[in-house]
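Got chain A sorted already, so can you dock chain B onto it with the hints?
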Amino acid sequence: MVKSDIKIGWDRAEMAQKVALDIPDGSYVNLGIGIPEMVAGFVPDGREVIYQTENGLLGMGKTPSKEEEDRELVNAGKKCISAISGASYFHHADSFTMIRGGHIDICVLGAMQVSKEGDLANWSTGKKNAIPAVGGAMDLVAGVKRIFVITQHVTKHGDPKIIEKCTFPLTGKQVVESIYTNLAIIDVKKEGLFVREMAPNVDFDYLQTQTGAELNQYKNTK
Amino acid sequence: MINKQVISLSEAVSEIYDGATVMIGGFGEAGSPIELIHALIDQGAKNLTVVSNNTGSGNVGLAALIANRQVKKMICSFPRTANSTVFPKLYGAGEIELELVPQGTLAERIRAGGAGIPAFYTPASVNTPLAEGKESRIFNGIEYVLEYGIKADFSLVKCAVADRYGNLLYHATARNFGPIMCTAGKVTIVQAKSIVEPGQIDPEVVVTPGIFVKKVIEIKNPANESELVADEMKYPW
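In order, the protein sequence lines correspond to chains A and B. Heads up, the first sequence is in my numbering, so the first residue is 1 and it goes up one at a time. Heads up, the second sequence is in my numbering, so the first residue is 1 and it goes up one at a time.
Treat the hints as calculated values from the structure; they're not laboratory data. Worth double-checking, as some hints may not be accurate.
To be verified - Just a sample of chain A residues kept apart from chain B, beta carbon distances all over 10 Å, derived:
#1 Ile8
#2 Gly9
#3 Arg12
#4 Tyr28
#5 Met38
#6 Pro44
#7 Asp45
#8 Gly61
#9 Val74
#10 His91
#11 His92
#12 Thr125
#13 Val134
#14 Lys219
#15 Lys222
Unchecked claim - These stretches of chain B come out as covered by chain A in the derived footprint (C-beta under 8 Å, 3 or more residues):
#16 26-32
#17 44-52
#18 78-84
#19 87-93
#20 126-140
As the list claims (entries may be wrong) - List time: in silico DSSO-like cross-link candidates among lysine-lysine, alpha-carbon distance up to 30 Å:
#21 Lys4/B <-> Lys186/B
#22 Lys186/B <-> Lys134/B
#23 Lys134/B <-> Lys173/A
#24 Lys193/B <-> Lys127/A
#25 Lys62/A <-> Lys193/B
#26 Lys89/B <-> Lys127/A
All C-beta atoms, glycine included, are put in the ideal place defined by N, C-alpha and C.
Just chain A, same shape as in the assembly (with noise of 0.2 Å):
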């Protein structure tokens, strides 16, 4: 596609945004470190959304301010936060009970790579070198009811990130449900990848270039 100064695609709180207006009222949340942090901005009006961080805090509210900022009370990614009236906190074993045993509705992670059927990479590159963390991740995408997933549609280098089979370490098998680009809205169903939404100035033809996969349309596609 040629350059040229029309807007193409989503920014990353439009993405986040997204992600929001499909988590319905009176979820409980779990959001991956990065652009899924970002969903908590967007609830709708009129919807209570509960977010839980896998190290303690089922409530996490707003970014304190810098006075207000605790050490000891920070989300997944380390950061301070702040704890909603009603919060509770707990330790690691009933925060992953809550995780592995089904209890969180919605979980949103960033991703390297999704394949066709769900398979999410997110954790490893697979390279020597590496040094390999892993996190939560595979408890998350191992228990919790819905995997949304929030990514750039290609790596920096241009590459797809949506792909028939992985080629990264997975994290999981056949767990995403919805995948939600800078492009587009795909889901994840048994007969393929199905895109619900594109974004601004993006056409199917060239969402297929930019993707490892077949694409399909639904009747209704945006």
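Leaving out everything else, chain B in the frame of chain A:
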């Protein structure tokens, strides 16, 4: 009379021996018992297997313990953190072992160890490299991998309030691995910001019952790890 309070840090960590498995609480700096770790550096026990979620930042706390070459092996979920350079360097040089464990599996292995459960099945890590070589079993059509409980010879934990019986309260998300590590340590050593008289902690809200704790020491003003890291401080000072 039961009095688990000790007065000096050197007394708190005196029994830790070479080759011991030591659990160290904390999620990053939140809940990391930095004064106890520094006392362990002074004490000098070597060839330790350390169970902790991360590997420390800068050159203080857990990172300093590793830099002092007292740790043979780390069991953790996330060995990379902001300002974490000591572990990556030694790991890259093949001079320290790593057992990488998904965070929830790590928590449950510690919980199981403390609860007398030798092993359990979990769905986390199935179909990933972390499940390779592990026994698996299908329950109700879903595959699970076998994971083993972990016990520690010593657990080092930080809390907010303690009494001489070892009853503990924590602060905010500094609780994290503390309560389960208290249960999994044969000898659990706790630093508390304050030690109060028995009865001053409401029994309804005790988080760690004293039976799981062997020693408590009052550290009124624990060091702020991120400030030490920002100031490029290095332990031993």
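Here is how each hint holds up against the structure:
{"no.": "1", "hint": "Ile8", "in the structure": "33 Å, holds"}
{"no.": "2", "hint": "Gly9", "in the structure": "29 Å, holds"}
{"no.": "3", "hint": "Arg12", "in the structure": "20 Å, holds"}
{"no.": "4", "hint": "Tyr28", "in the structure": "16 Å, holds"}
{"no.": "5", "hint": "Met38", "in the structure": "19 Å, holds"}
{"no.": "6", "hint": "Pro44", "in the structure": "28 Å, holds"}
{"no.": "7", "hint": "Asp45", "in the structure": "29 Å, holds"}
{"no.": "8", "hint": "Gly61", "in the structure": "12 Å, holds"}
{"no.": "9", "hint": "Val74", "in the structure": "5 Å, violated"}
{"no.": "10", "hint": "His91", "in the structure": "4 Å, violated"}
{"no.": "11", "hint": "His92", "in the structure": "4 Å, violated"}
{"no.": "12", "hint": "Thr125", "in the structure": "12 Å, holds"}
{"no.": "13", "hint": "Val134", "in the structure": "5 Å, violated"}
{"no.": "14", "hint": "Lys219", "in the structure": "33 Å, holds"}
{"no.": "15", "hint": "Lys222", "in the structure": "34 Å, holds"}
{"no.": "16", "hint": "26-32", "in the structure": "holds (count 5)"}
{"no.": "17", "hint": "44-52", "in the structure": "violated (count 0)"}
{"no.": "18", "hint": "78-84", "in the structure": "holds (count 5)"}
{"no.": "19", "hint": "87-93", "in the structure": "holds (count 4)"}
{"no.": "20", "hint": "126-140", "in the structure": "holds (count 5)"}
{"no.": "21", "hint": "Lys4/B <-> Lys186/B", "in the structure": "15 Å, holds"}
{"no.": "22", "hint": "Lys186/B <-> Lys134/B", "in the structure": "27 Å, holds"}
{"no.": "23", "hint": "Lys134/B <-> Lys173/A", "in the structure": "17 Å, holds"}
{"no.": "24", "hint": "Lys193/B <-> Lys127/A", "in the structure": "43 Å, violated"}
{"no.": "25", "hint": "Lys62/A <-> Lys193/B", "in the structure": "27 Å, holds"}
{"no.": "26", "hint": "Lys89/B <-> Lys127/A", "in the structure": "16 Å, holds"}
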